[in-house]
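Undergrad: Chain by chain, the residues:
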Amino acid sequence: MLQIENLHATVGETAILKGLSLTINAGEIHAIMGPNGAGKSTLAYTLGGRPGYEVTEGSATFDGQDLLALEPHERAAAGLFLGFQYPVEIPGVSNLQFLRESLNAQRKARGQEPLSGAEFIKLAKEKAALLRMDMEMLKRPVNVGFSGGEKKRNEMVQMGIIDPKLALLDETDSGLDIDALRIVGEGINAIMRKPDKAVLLITHYQRLLDLVKPDFVHVLAGGRIVRSGGAELALELEEQGYEAVA
Amino acid sequence: MTDDSNTADSRVRDADAWAAAEKVGTYEWGFTTDIEQELAPKGLNEDTVRYISAKKNEPEWMLEWRLKAFRIWQELPEPDWAKLHYPPIDYQDAYYYAAPKAKPKVGSLDEVDPEILRVYEKLGIPIEEQKVLAGVEGARKVAVDAVFDSVSVATTFREELSRAGVIFMSISEAIREHPELVKKWLGKVVPVRDNYFACLNCAVFSDGTFVYIPEGVRCPMELSTYFRINAENTGQFERTLIVADKGSYVSYLEGCTAPQRDENQLHAAVVELVAMDDAEIKYSTVQNWYPGDAEGKGGIYNFVTKRGLAQGARSKISWTQVETGSAVTWKYPSCVLNGEDSVGEFYSVAVTNNYQQADTGTKMIHNGKGSRSTIVSKGISAGKSNNTYRGLVRVAPSAEGVRNFTQCDSLLLGDQCGAHTVPYIEVRNPSATIEHEATTSKISDDQLFYAMQRGLSQEDAVALIVNGFAREVLKQLPMEFAVEAQKLLGISLEGSVG
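Line order of the protein sequences matches chains A and B. Start counting the first sequence at 1; every next residue gets the next number (the UniProt record's numbering). Start counting the second sequence at 1; every next residue gets the next number (the UniProt record's numbering).
Keep in mind that the hints were calculated from the coordinates and are not lab data. Just so it is clear, the structure is predicted and the values come from calculations on it, not from any experiment. Virtual Cβ for every residue (Gly too), placed ideally from N, Cα, C. One should not assume that every hint holds.
To be verified - Within a straight-line C-alpha distance of at most 20 Å, the following computed EDC-like cross-link-like pairs (lysine to aspartate or glutamate) qualify:
| hint | chain 1 | residue 1 | chain 2 | residue 2 |
| --- | --- | --- | --- | --- |
| 1 | A | Lys151 | B | Asp445 |
| 2 | B | Lys363 | B | Asp341 |
| 3 | B | Lys442 | A | Glu89 |
| 4 | B | Lys475 | B | Glu280 |
| 5 | A | Lys108 | B | Glu459 |
| 6 | B | Lys363 | B | Glu340 |
| 7 | A | Lys139 | B | Glu180 |
| 8 | A | Lys197 | A | Glu57 |
| 9 | B | Lys188 | B | Glu280 |
| 10 | A | Lys151 | B | Asp293 |
| 11 | B | Lys384 | B | Asp415 |
| 12 | B | Lys246 | B | Asp293 |
| 13 | A | Lys108 | A | Glu89 |
| 14 | B | Lys183 | B | Asp93 |
| 15 | B | Lys68 | B | Glu46 |
| 16 | A | Lys194 | A | Asp63 |
| 17 | B | Lys384 | B | Asp293 |
| 18 | A | Lys108 | B | Asp415 |
Unchecked claim - Beta-carbon label-pair distances, calculated as ranges:
| hint | chain 1 | residue 1 | chain 2 | residue 2 | range |
| --- | --- | --- | --- | --- | --- |
| 19 | A | Gly145 | B | Gly216 | 24 to 32 Å |
| 20 | A | Glu239 | B | Ser444 | 39 to 47 Å |
| 21 | B | Gly414 | A | Glu13 | 50 to 58 Å |
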């Protein structure tokens with residue numbers, strides 16, 4: 001589904017990714033771990049197409065398409081979802097309006113009919129229930145006045161509604177208490193653990209991986225993947241730290 | 001929002017709105033129509049004033065009133081205190097009267113020149129009205145007093161309104177048919193010598209609208225007027241007078257677009273509102289005069305004087321405006337709160353892009369005890385434009401227990417535009433409570449990327465964020481205008497980011 005080859009990316013003048021290669025197939029869940037500053041968020045932003053994150057070398061192919069040639073909204077329409085580490089507030093725009101317009105923009109780009117108001121509300125209710133999010137929260141402006149945990153859960157509701165092929169979840173577990181973590185973990189499983197979907201989890205902690213069991217774990221350090229393994233690698237990291245493992 | 005029957009329509013129009021938003025960088029409604037025109041000779045002197053008055057078959061007292069105004073105007077200085085820069089206006093190099101030639105009066109819009117109807121269609125006159133025109137059963141009622149250039153060509157719904165005792169007609173007709181009402185109030189809210197542009201309007205106003213709501217009547221429909229400048233070099237001098245008698249209510253919608261022209265066009269309208277005891281007037285405007293091109297060439301000069309007199313106890317006047325057009329906007333819809341416990345409101349969204357300049361705001365003059373006012377101003381600047389909020393809150397010595405709340409928010413797109421806030425507060429009674437809040441923010445890269453990552457194109461993302469910023473004001477608009485306004489905000493800011 002996603003092939004990243006020798007990816008180099010800079011932010012401003014600083015080279016962050018230095019030859020990162022990674023292949024993610026449909027049906028797989030990958031976890032990327034690594035010390036602060038290793039380039040984990042840069043990887044997510046670069047794949048999402050954030051302005052300012054410049055690819056200087058290498059390639060990324062998504063479902064056979066040159067991902068790097070697409071605008072951010074085109075990448076979204078192609079099925080790429082980015083769960084933000086710091087979800088952004090949009091005052092005055094309700095979550096429902098935001099998501100309906102976003103989803104219908106994606107559907108339009110894919111040549112699908114837009115969802116009607118009633119169809120959309122039904123879908124939103126279903127996904128909100130999955131993440132145990134009150135529908136009233138979805139009527140409020142996007143992330144405005146939400147706690148850190150609510151913002152993260154809201155990201156997962158958005159993921160459920162948008163129903164992407166590939167989700168890059170950037171520290172979705174940070175800022176969550178134990179109960180919220182379980183809800184989010186179960187949400188990821190329910191929404192994304194399917195033969196035609198894939199997930200890349202960016203995380204520091206084993207606790208999320210206890211809930212969303214990865215097929216592969218990678219250690220990112222110095223802008224490259226320095227080691228890959230199965231779920232047991234994460235446990236090793238937890239015990240011994242990055243320096244010993246990488 | 002008044003009822004649910006029009007949500008289906010607004011959905012349809014929502015789709016239209018997004019379709020329209022895709023047309024980038026052109027002023028979509030910059031077309032002209034080919035209708036025979038009758039012009040007054042170019043220039044401005046007493047003969048011009050006499051010509052206009054004669055064309056409108058006005059009584060002698062009206063001509064005298066105009067001539068007096070013209071003489072005062074010649075003595076008045078043109079104001080220069082606003083944060084606006086434009087070349088001197090040559091008042092002799094313009095026409096002051098243009099009317100579709102020799103149109104017989106018609107009873108309904110069906111009888112109007114199809115060419116004019118086509119213009120309205122292009123303008124996107126709301127579907128409600130189009131349905132009404134097509135005779136669709138159960139269509140939502142919005143009365144349209146269609147002002148094509150300077151002359152009212154048709155008035156619909158007059159019968160239903162007159163059954164309710166509501167008078168809704170062109171001001172020219174009102175001068176002839178209801179001289180006692182017009183004489184009583186014309187120039188009483190905005191005096192002839194109030195300011196240069198209002199005074200000019202008194203001398204040469206071409207047409208406009210008169211509304212009278214009798215005691216205790218709730219106007220059975222929203223009243224709406226569409227203005228359109230069509231003739232080259234013809235200034236528009238609209239004159240509106242709305243009188244709401246005791247305990248009455250009326251909601252009035254005004255919207256305008258103008259065709260593309262190279263030469264600057266002068267627009268100096270005057271709107272006067274009067275609300276008696278317990279009466280309420282809600283006046284909503286969506287203004288989309290031609291703003292000039294991306295290089296700042298052309299565009300309308302919009303010098304408007306709008307003022308409401310909340311004369312009666314517990315009376316209420318509410319202005320809502322969405323200003324997206326004009327090269328230059330000079331406009332301060334105001335409330336004179338004379339009545340005890342009277343209420344004034346001003347909700348404004350002003351968008352400037354490219355080289356547009358807007359100096360707009362309000363005046364809340366608190367003379368009545370316990371009078372209250374709310375000001376919510378949202379300024380959005382993009383391109384190389386300048387956007388100024390200028391507002392006055394004045395409390396008279398005798399006005400006990402006055403309250404005012406003012407909120408001015410500015411949103412900047414890009415780094416070459418300007419946002420300015422100029423509040424004047426004059427309080428002469430210590431019991432007043434005055435609050436003023438102001439913020440300035442930019443659309444952040446974080447917000448744009450977040451919205452785009454969810455699937456919105458950059459322009460849709462900007463439109464969404466801007467509409468969120470302006471939401472407090474947009475929600476004050478009647479449903480049929482709210483959609484149009486959202487559409488305009490998006491269109492006005494096309495190409496302003498990235």
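Undergrad: For a quick check of understanding: which of the numbered hints are violated here, in increasing order?
TA: Of the numbered hints, 7, 8, 10, 12, 13, 14, 18, 19, 21 do not hold.
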